[in-house]
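Undergrad: So the protein sequences, as listed, match chains A and B. Residue 13 in the working numbering sits at position 13 of the first sequence, with consecutive numbering throughout. Residue 8 in the working numbering sits at position 8 of the second sequence, with consecutive numbering throughout.
Any given hint could be a false lead.
DEER-style ranges, computed between Cβ atoms [what the hints assert, rightly or not]:
| # | chain 1 | residue 1 | chain 2 | residue 2 | range |
| --- | --- | --- | --- | --- | --- |
| 1 | B | K32 | A | H39 | 36 to 42 Å |
| 2 | B | A177 | A | G112 | 47 to 53 Å |
| 3 | B | P224 | A | R215 | 36 to 42 Å |
Computed cross-link-like contacts, DSS-like style, restricted to lysine-lysine with a CA-CA straight-line distance of at most 30 Å [claimed, not checked]:
| # | chain 1 | residue 1 | chain 2 | residue 2 |
| --- | --- | --- | --- | --- |
| 4 | B | K227 | A | K235 |
| 5 | A | K235 | B | K191 |
| 6 | A | K191 | A | K235 |
| 7 | A | K32 | A | K93 |
| 8 | B | K235 | A | K227 |
Since the hints were made in silico from the structure, they are not lab data. Heads up, the beta-carbon is just placed ideally off N, CA and C, and yes, glycines get one too.
Protein chains: 2
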Amino acid sequence: MKCRKCGGSAALELRRHNAAFCSPHFIEFFRKQVAEAIHKHRMFTPDEPILVAVSGGKDSLGLWDVLIEEGYRTAGLYLDLGIFDYSQESKAKCEAFAAARGQKLCIERVAGAVGAPIPEVQRVTRRPTCSACGLSKRYLLNRAALEHGYAVVATGHNLDDEAATLFNSVLHWQTEALPRQSPALPSTHPKLARRVKPLYRLSELETAAYAFLRRIDYIVEECPFAKGATSLAHKEVLNRLEEVSPGAKHNFLFGFLDICAFCKLADQVKRRTRPSSAAPGMVE
Amino acid sequence: MKCRKCGGSAALELRRHNAAFCSPHFIEFFRKQVAEAIHKHRMFTPDEPILVAVSGGKDSLGLWDVLIEEGYRTAGLYLDLGIFDYSQESKAKCEAFAAARGQKLCIERVAGAVGAPIPEVQRVTRRPTCSACGLSKRYLLNRAALEHGYAVVATGHNLDDEAATLFNSVLHWQTEALPRQSPALPSTHPKLARRVKPLYRLSELETAAYAFLRRIDYIVEECPFAKGATSLAHKEVLNRLEEVSPGAKHNFLFGFLDICAFCKLADQVKRRTRPSSAAPGMVE
Chain A
1 MKCRKCGGSA ALELRRHNAA FCSPHFIEFF RKQVAEAIHK HRMFTPDEPI LVAVSGGKDS
61 LGLWDVLIEE GYRTAGLYLD LGIFDYSQES KAKCEAFAAA RGQKLCIERV AGAVGAPIPE
121 VQRVTRRPTC SACGLSKRYL LNRAALEHGY AVVATGHNLD DEAATLFNSV LHWQTEALPR
181 QSPALPSTHP KLARRVKPLY RLSELETAAY AFLRRIDYIV EECPFAKGAT SLAHKEVLNR
241 LEEVSPGAKH NFLFGFLDIC AFCKLADQVK RRTRPSSAAP GMVE
Chain B
1 MKCRKCGGSA ALELRRHNAA FCSPHFIEFF RKQVAEAIHK HRMFTPDEPI LVAVSGGKDS
61 LGLWDVLIEE GYRTAGLYLD LGIFDYSQES KAKCEAFAAA RGQKLCIERV AGAVGAPIPE
121 VQRVTRRPTC SACGLSKRYL LNRAALEHGY AVVATGHNLD DEAATLFNSV LHWQTEALPR
181 QSPALPSTHP KLARRVKPLY RLSELETAAY AFLRRIDYIV EECPFAKGAT SLAHKEVLNR
241 LEEVSPGAKH NFLFGFLDIC AFCKLADQVK RRTRPSSAAP GMVE
């Protein structure tokens, strides 16, 4: 296989793009996809400070790496969930990453804000762990953005994450969740930061390849509470569909986003022509 | 495991219903589900003659068996697709079934109407085989109903078939296909028969168990052209989801049908209150 750009020996084949790349041109391709996402959804401007939520995994550290390389003003935010060794190791990866690149890293302890670390939260509440953890993370991410003066928070959600979330909503016909499924969620209140997902165009395989090629030292283990999570079963199923027809995941997510773009357009027109009748539940 | 009805030894466990049944009570359960489907969607009246499309497989012969046992006036319709041994064997199963029960069986040859059997159609057109075959079947089913004077055609589509079709539409966001996904499709033209799917509440496992327990001699092989069909990959994936969470298939299909029922209600109200503004693309 040869690189699509230079004809040199390819390091990676991307079946859904019917393309292969050598290492330098894959890195270029990856960064272009991020730039395209930022541009298309007007995620942030070149001089706007960005708070990057980092977990120590390949996606969020890969995202931070791209943003630093592209010259954005960034700081990392690590939420310490207090999940035994897993949290200690992932925090160490984030600290080492930030130190090596001379970047600021803010650290927030969930136990400080919620009153107990996640394993304890799981014990005393009836919520599924991932649900309680996700809720705490969304709250603390936003609080940190507000305290440190950031109007926008970037997360490392990739194509597989977004497709799996959409898949779950569709399987359960949770239609009310669909308008919130967007690569860029605007601020809906003066105290709520915008949330953006610049990696939504890149698959998990691609973020792993980027982190590997960029020699990013990340935590490979999954969170110990993720075992048996339906989101993992959904990812597995989507990967099976991808095997049978390359591009299935991409088409599923992007087909939805295109429909959604149409809805947003229609909604915009309605607002402009009848300014008093904002559609309930729609994200502006 | 014990039968939910009589406490006797259970022959079959239905995890999604959290129930188990002995053979006679499973057969009763199965027929009640068919009766519920017919009633709920007003598929046909007790004295209306029904044309049952039979392929020789477990689903369509199982359906025909239920309708005969329930006292409906039925005739079978077998479409001879001309697919080598597969068609010969499946036709023989249908003929034997009809003869043993003293029922009328109409036979139509696709080659006679289309000009060539399905393998030849595949060769000379560029359509995928299943697409050309499905199109021919829908046309010939309706033509036969019209010629023989049947206002309604019943097919053996089960829960797995319907969930897989819905899954495919959703994966590709073919929203225009959704209104047609219904257990009962009304006649939209004087020359088009109604189409109903009385088995839509029953899974493939359940139709297989029914055919087995009723000692129905059916063709076990899949159509040779079905190998590698995406519909099979989708069924496999749905079965994987069902393993992880029993009822996933059922909830996916029925969640959709419930939403759809609401849309139909809303549509009905709109039509009644503003009779001139029929929503385009909606099935009445």
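Undergrad: It remains to establish, for every hint, whether it holds in the given structure.
TA: Here's how the hints hold up against the structure:
no. : hint                            : verdict
1   : K32(B) <-> H39(A): 36 to 42 Å   : violated (58 Å)
2   : A177(B) <-> G112(A): 47 to 53 Å : holds (51 Å)
3   : P224(B) <-> R215(A): 36 to 42 Å : violated (51 Å)
4   : K227(B) <-> K235(A)             : holds (25 Å)
5   : K235(A) <-> K191(B)             : violated (46 Å)
6   : K191(A) <-> K235(A)             : violated (33 Å)
7   : K32(A) <-> K93(A)               : holds (26 Å)
8   : K235(B) <-> K227(A)             : holds (25 Å)
Of the hints listed earlier, those the structure fails to meet are numbers 1, 3, 5 and 6, in rising order.
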